[in-house]
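4 protein chains.
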Amino acid sequence: MNIFKKHIMHVGEMASGAKLTVPVYSYKPKNNTAPNVYIQANMHGAEVQGNAVIFQLLELLKNCDIQSNITLVPYANPVACNHKNGEYTLGRFDPITGVNWNRMYHFDEAVITSFAQQNIDACEEEVSANFQQLLLDQIEQKLDHNIWGITTGQRIAYQLQRMAHKADLVLDLHTGPISSKHLYCPEYAKASANFFDIPHTIFIPNDFDGAMDESTFCPWWSLQQAYKNLNRNFVMGEGAFAKESFTVELGSQEQIDLDVAHQDALGILSYLQYKGVIDSQKKDYQPQKMTRYGCYLKDYKALYSPMGGMVDYLAEFGKPLPAGEPLARILRMDNYCGNESGDGNPLHNICLDRQVIPILHFASASVNQGTELYKVFSDYFEL
Amino acid sequence: MNIFKKHIMHVGEMASGAKLTVPVYSYKPKNNTAPNVYIQANMHGAEVQGNAVIFQLLELLKNCDIQSNITLVPYANPVACNHKNGEYTLGRFDPITGVNWNRMYHFDEAVITSFAQQNIDACEEEVSANFQQLLLDQIEQKLDHNIWGITTGQRIAYQLQRMAHKADLVLDLHTGPISSKHLYCPEYAKASANFFDIPHTIFIPNDFDGAMDESTFCPWWSLQQAYKNLNRNFVMGEGAFAKESFTVELGSQEQIDLDVAHQDALGILSYLQYKGVIDSQKKDYQPQKMTRYGCYLKDYKALYSPMGGMVDYLAEFGKPLPAGEPLARILRMDNYCGNESGDGNPLHNICLDRQVIPILHFASASVNQGTELYKVFSDYFEL
Amino acid sequence: MNIFKKHIMHVGEMASGAKLTVPVYSYKPKNNTAPNVYIQANMHGAEVQGNAVIFQLLELLKNCDIQSNITLVPYANPVACNHKNGEYTLGRFDPITGVNWNRMYHFDEAVITSFAQQNIDACEEEVSANFQQLLLDQIEQKLDHNIWGITTGQRIAYQLQRMAHKADLVLDLHTGPISSKHLYCPEYAKASANFFDIPHTIFIPNDFDGAMDESTFCPWWSLQQAYKNLNRNFVMGEGAFAKESFTVELGSQEQIDLDVAHQDALGILSYLQYKGVIDSQKKDYQPQKMTRYGCYLKDYKALYSPMGGMVDYLAEFGKPLPAGEPLARILRMDNYCGNESGDGNPLHNICLDRQVIPILHFASASVNQGTELYKVFSDYFEL
Amino acid sequence: MNIFKKHIMHVGEMASGAKLTVPVYSYKPKNNTAPNVYIQANMHGAEVQGNAVIFQLLELLKNCDIQSNITLVPYANPVACNHKNGEYTLGRFDPITGVNWNRMYHFDEAVITSFAQQNIDACEEEVSANFQQLLLDQIEQKLDHNIWGITTGQRIAYQLQRMAHKADLVLDLHTGPISSKHLYCPEYAKASANFFDIPHTIFIPNDFDGAMDESTFCPWWSLQQAYKNLNRNFVMGEGAFAKESFTVELGSQEQIDLDVAHQDALGILSYLQYKGVIDSQKKDYQPQKMTRYGCYLKDYKALYSPMGGMVDYLAEFGKPLPAGEPLARILRMDNYCGNESGDGNPLHNICLDRQVIPILHFASASVNQGTELYKVFSDYFEL
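Chains as they are written, first to last, in my numbering: chain A, 2 to 384; chain B, 2 to 384; chain C, 2 to 384; chain D, 2 to 384.
Some hints here could point you the wrong way.
As a list, the in silico SDA-like pairs of lysine to any residue whose alpha-carbon atoms are at most 20 Å apart [to be verified]: (1) Lys20/D with Asp300/B; (2) Lys20/B with Pro307/C; (3) Lys143/D with His146/A; (4) Lys299/C with Ile148/B; (5) Lys20/B with Ala111/D; (6) Lys63/D with Asp354/C; (7) Lys20/B with Val25/D; (8) Lys143/D with Pro307/A; (9) Lys302/D with Asn147/A; (10) Lys320/A with Lys276/A; (11) Lys20/C with Asp300/D; (12) Lys320/A with Thr292/A; (13) Lys63/B with Asn336/A; (14) Lys143/B with Lys320/C; (15) Lys320/D with Asn336/D; (16) Lys302/B with Gly345/C; (17) Lys63/B with Cys338/A; (18) Lys302/B with Gln142/C; (19) Lys299/D with Ala303/A; (20) Lys302/D with Ser379/A; (21) Lys302/D with His146/A; (22) Lys20/B with Asn336/C; (23) Lys143/C with Pro36/B; (24) Lys302/D with Gln142/A; (25) Lys20/D with Ser379/A; (26) Lys20/D with His11/B; (27) Lys20/D with Glu317/B; (28) Lys7/B with Cys338/A; (29) Lys320/C with Gln356/C; (30) Lys302/C with Val100/B; (31) Lys320/B with Arg355/B.
Residues on chain D that point at chain C, a partial pick, calculated with CB under 8 Å [unchecked claim]: (32) Leu59; (33) Arg93; (34) Glu255; (35) Pro347.
Bear in mind the hints are in silico, worked out from the structure with no lab data behind them. Note that beta-carbon positions come from the ideal geometry of N, C-alpha and C, so glycine has one too.
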């Protein structure tokens, strides 16, 4: 039985001096013959189901034939995880600054070209090792504070990223607000999307916007492009560049379901087996058969509420909704018997002029004009 | 077709000078031959389903034979209704002071005895009219400000209460966090509980703790007691004292479901028909057949979490749960492989040593040690 | 030099499993010849200056001749202390429930009479020891959880109260929002108010409303009354009943000033020397000469804003303000050139019809109609 | 006497259907001979002093000889202005999404080059008129909703920007947290900085990051650059390009002081007189004599706290602080008698290795590791 080692990482201090800590579970096999793996959960405070998935992964991995280093980090953000306002967890951003916790990772495009020039003749192993070291050195330098310091969220994010940079495959476990399961996948890693038990995949371009997944694959993508400009060609996703990062959206926030977490863990093991992380001779973990839909990020659309009101969400997730069919009905009692201030219509259907697949909706029935109501695949294809 | 009249009530001002308003729908029949009715919804910000129920009541009442005055007030608390923190509505208390919005109504026990003494020989109609006027005068005096003023929440509550005091039957529509339907009913009004389509009723004593329901029936109960002490006996719930108030808990907060609201409205009409508010010759609105459980308030118990953690809520609402069966499992990843700081047990079952009926649970999967986890009937009986 | 011993008290757990801890500093002299002392700070999250006062007390006490046990507890409430919403600390209430953190202490009036009856002939030392033990046993029983558990705030409060019950003199260090220094003092302990360097004292009756100061002196007061009913007379504040508790309001919240804290600490040492806690032969710590005003709690009035708006606070703290002089001006730009929706008057003076002493005002310039604007002594006297 | 016209602008709807409104004050002289002016305040909820400045401007402008259109908008953001969490106003970001309210304005770089090409031979007046129309059309198109809608904050921001685009001089009135007065000024408008009564100016480059000031001058700067690339040269700040935008930081948030607002208004009139907006023959409004310091944005540095703790802010604003002198002392009681978990040092001085001018500091004494403690001019020069 495989024993995962646990250690406690310090990631910050609160006003009282209380230490912010994160538990880290890790396993190193005697012979490392496969890509290393990093999986974290709960960077956003309310998105807790990933912790249960890591629990189930730890249970399942006890009896797997593990071929490479695996690092698992639940409760990745202790500030967010413990921050309540009313009954709910204030999930997505630093309550002091408003900055999204998943937009604070580091990538400095400026170092790429000179690295490629300096390592133009390095062998593939050297390219891989040297570039990984460069990424780690950059994080180290940020953390090992310049005189101006870094933000609370950067201190947490950089310490997580330091672990992720040592891995080849990175999974960042999130959830939507009220949501179906979906996956963010780099366009070049399309083949892998079929190995998760997740029916909807959003393919993202190679641009860095501060998220964990981008912060770990974008540097390698940029490096590959820089080499290409210098007429040396590597294939992204292979060899030294066999790096893949995913944001896995497990469903709805503010929920723990250990049985569903077991299913989610099986889907992740299916991907890890496909990558050779667990011995693929046994073929234990196969992806489920399902219709998988893909969508490019540019076609993954947010619909903002055209009015304030009380929303009865109608559309079923994951199923194509014909043009003109209502996504939701909005109740506006102030319009009832609207002889003076209203338009006389207390119920409004929210429809679109094209067929879409609804993926998630807002967490509350009360919305302002301009609240993000739904996110949908506005153009999509089968995988 | 009955036409409800709408007017806009001003209940306060925000810092920008913006007026806080509440829509009021009212109907007065030519001949008033039955108890008057007051129904409000959404005093707590996140508890929105009552608005949809009022919408469905308005639709259904169009075609009823109405025998008395009916006043319907959705969006009763515009501060709470529009107050978001993160994606959720901060529901239960004034965000500045922390005071529960439903603990700000008025009742001054001190006036009861002297009223009874002064009206010891009044006929029943005079007792009823004079005492109602006293209650209204007291509210008026509070609102018509003394030099020290009143709080934001009192200004809202008193204006609502002023309307409720003019009615005989008062329904305050709320919801639980994640919850089954249940009803708060004064002990003396037990017979009425069978006319709602709600399977669980909590019988409350005649003590005033600041809530709308208490603020409207407790004065009458106290008056009846004062008369009894003066050897004049009235029957609570009959004649001049035919006053009933209920807090109707419609299910879970942060949700609008117009179809369920239609069902909820039918249940309320069943009660109103029983009371003669809508013509009972037709027998249109009959209560559903169901097993109804009752519980005294002292036996309606909150269970506070014995530890911090991530909760997988297991118990089904409304169904007796045998002693020793888990209400919930709490995940504590920091205890996993707890060689240093944990107890080695990452999963804890939360059980009780007696059979209970779970009624509602906390809205979030993340709880601190001491968060209210469940509310249950710890001792109960069939109605 | 006196060395205070430090230990870390566990007071709860957050959702991540993070332990909530409070540092406790204590000193026990070889011979205990004076009343024991308990001082805590920062029960409300934003009221931080007491921590600095405890720091300065620790520094000064190093070189005092200490005659009794002293326990000092900064950062008494780690949940509140670390809870930010925007840039400010959400101070006064549990963010989940809205309950004021300083209304969660314990006192069960029901045990008093039977204790007096059972200890009617006990000598004074026995009365003191037995009753203290009863209070501690009650706390222990609450903490040593009944099956239903206790709230997050009760768990913190009870553990603090357990330490306070072992002391005779209790100081709970708070601050107002934007505030002058003032003191809450039991009416029977009036003489002590002159030994603090605080110009304004509010004398409180012997009623329990959940606060730390009340929870430690009210039980003794009630016991003395119970004995009086049994015709045994003790003097409150003397002998076995030499118990005094104060809430010390150190000025404004959200501020640390170490120099002012040094002055505050000197004032506290003046009181402690008066009580014999530090050797009074030396007469090191004398109260400052100042005009001290007193006010009964019933005359300590909150003024709620008669309108929403932007407030220019004008009145000086601590100085009698003549009737008719403005406390504040409220700006209402929506009334400027009020041809349509306003009254044409953009500036409103807020005045009272009597002379008052302003003590504190609201922390923000933006107020709703009904926000607590000022607290004032409406009737007062020189001490 | 000049009469400003007031109208009420609708900028959105809340969940209850409540309309979000903003008052707009405007004046149009018979002959418009000078640059048009747009001034707004309170885009961030807690930054209220600008409302008082607009009040004083309205009072002073009554008696000025006004040469061009002036539009004044207090309470620009009704959502933020009315959003309390605890006693304070949650100021800087949308409480649902965390997005800074002053990062939601619009600028589409993509249209610049083609406009310049199509208007390469237009006369200066045509360039000015056509480009202003293009900017207005773009806003109109965004507001006149595409099927996906826009966010709550964009709807507010775009409606404000639409008014600002019609002006030549734009002032956005803000405040810091606890702050000295300072000014954000485009580098090309350096000469104007001397006409405000503000001692510290930050010169910002011509990059768009979503703020009001940038959204109004960056398009014109970009257009001037585009023309330069086409070999047609305009001078930024003159003729058709006489556009200037400033963010005016009036001091600390959560404060209204009408007397200081009068001074602030005089400083703004000094600038407006310099620009000919009010008749400069009279020379009524002259800038105060003071030492004015400038700093480039890249040298305006945030210092993040190296530890959690309680901060005694020491450094005086606006005065050069020598290298090594403490900006602040941080109290860490958990380190007191740090025999076990602390470093034994309860007080830490926060110093820098270079001379700086402190401009503002954090609003609360409680900081986490990584909270923005101070903002300082790290390199500066006299204007």
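Hint numbers not upheld by this structure, sorted from lowest to highest | 1, 3, 5, 6, 10, 11, 14, 15, 16, 19, 20, 23, 25, 27
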